[in-house]
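Engineer: Here are the chains, one letter per residue:
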Amino acid sequence: MQTRFTVQTNGPGLYEFTRDVAGWVRGTGLLTLMIQHTSASLVIQENADPEVQTDLQNFFARLVPPTTDPSMAYLTHTYEGPDDMPAHIKASLLPTHLSIPVTDGCLALGTWQGIYLFEHRDRPHSRHVVAHLSG
Amino acid sequence: MQTRFTVQTNGPGLYEFTRDVAGWVRGTGLLTLMIQHTSASLVIQENADPEVQTDLQNFFARLVPPTTDPSMAYLTHTYEGPDDMPAHIKASLLPTHLSIPVTDGCLALGTWQGIYLFEHRDRPHSRHVVAHLSG
Amino acid sequence: MQTRFTVQTNGPGLYEFTRDVAGWVRGTGLLTLMIQHTSASLVIQENADPEVQTDLQNFFARLVPPTTDPSMAYLTHTYEGPDDMPAHIKASLLPTHLSIPVTDGCLALGTWQGIYLFEHRDRPHSRHVVAHLSG
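Chains as they are written, first to last, in numbering that gives the first Met the number 0: chain A, 0 to 134; chain B, 0 to 134; chain C, 0 to 134.
Everything labelled a hint here was simulated from the structure, so no lab data went into it.
Since we're looking at a predicted model, the values are computed, not measured.
A few of these clues could be false.
[Unchecked claim] Not the full set, but computed from the structure, chain B residues with beta-carbon under 7 Å of chain A:
1. Met-33
2. Gln-35
3. Thr-37
4. Leu-74
5. Thr-75
6. His-87
7. Thr-95
8. Val-129
9. His-131
Note that CB positions come from ideal geometry on N, CA and C, so glycine has one too.
Sequences are here, hints too, so could you generate the full structure?
Structural biologist: This is the structure in structure tokens:
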């Protein structure tokens, strides 16, 4: 069973879509979500305190600053904007796909785990996530 | 086929549980392990030399120091202790899940690969890992 | 259905093998690729501009320099060469496995996504990647 979720983004940050996914799965099996882009990521993170999401975004913004930052002067792929190559780097440091067991119609997530799309680009994007549920 | 493994941890570091997993799988299929926490990770790493595990832990401790370190003053989620938000960050940099093909009852790991839980918190924890084996 | 791909490497960098994988999959299901080594990785990255691959490699070379670099003096696992322990660290920061939905015989990759083996060692290696396709 396969489908595709679309997550609308509006700048860097984490966008939760746990409910969309939870509403689609059924039975017992394995859910796999894969993002069809190389400048955004999928992460499972704490959904209790929104500060965690802000802190995560700020950590990665400091680890991989825009190409306008002197420390990134060695990067060559810069003509799609100062946020483009850093987005590819962040997309390599963070997951492209997630796999989550499903039991009796429920995602086997821990109490504090939510499913997020992590946007790395500045401009708004429609992000596509392919879902596969194996029986 | 699904089960849940529990790994007891006692401070930051890598805890191998390859044998528990190898003893549970059977037949030919795909094994997926997912940790139900956002402050610990699952990794496949070299099991030959324990120095590799110590070095890995020290690398991540330097890349993401406690919030008491001046370089981390920008973090806001600090009320659960100086090791909490760094643990979430490490958990985003390292895998939440692993998928390993199984062939004739054996994990298709390379010669030097072991399965580890990577604990990021200081205090002891009971960590739950959900396992799904598809036929 | 399982097989094993071999990717020959000749120093650090990204080696694309999307075509080998695309030629093997069939039907509708989930493909999982797992590398049987702890000093190389698998990544999905942009396949349009080769500069992206060079920049990625340079980012990781700076984030995790050789053990001859003074900043890495704390590492202890050094007797297999200055590129060995950094390779293990990079292998923990980058994926050991990839899972990609397959639809009607086609990998459900986005337009710009390619499948790469990311080599972290200096010397040439034959790298083995186990593939599992679930129906």
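Engineer: Please go over all the hints and tell whether each is borne out by the structure.
Structural biologist: Results of checking the hints against the structure:
At its closest, the beta carbon of B:Met-33 sits 6 Å from a beta carbon of chain A; the interface hint therefore holds under the 7 Å criterion. Because the smallest distance between the Cβ of B:Gln-35 and any Cβ of chain A comes to about 3 Å, under 7 Å, the interface hint for this residue holds. Given the 7 Å rule on beta carbons, the hint for B:Thr-37 holds: about 5 Å separates it from the nearest Cβ of chain A. Taking 7 Å as the C-beta contact cut-off toward chain A, the hint placing B:Leu-74 at the interface holds, the least distance being around 5 Å.
Residue-level restraint check for B:Thr-75 holds (minimum Cβ-Cβ distance to chain A is 5 Å; threshold 7 Å). Given the 7 Å rule on beta carbons, the hint for B:His-87 holds: about 5 Å separates it from the nearest Cβ of chain A. With 7 Å as the threshold, the beta carbon of B:Thr-95 comes within range of chain A, its nearest partner Cβ sitting at about 5 Å, so the hint holds. At about 5 Å, the closest approach between the beta carbon of B:Val-129 and any beta carbon in chain A falls short of 7 Å, and the interface hint on this residue holds.
Interface hint at B:His-131: satisfied, since its Cβ lies 4 Å from the closest Cβ of chain A, which is below the 7 Å cut-off.
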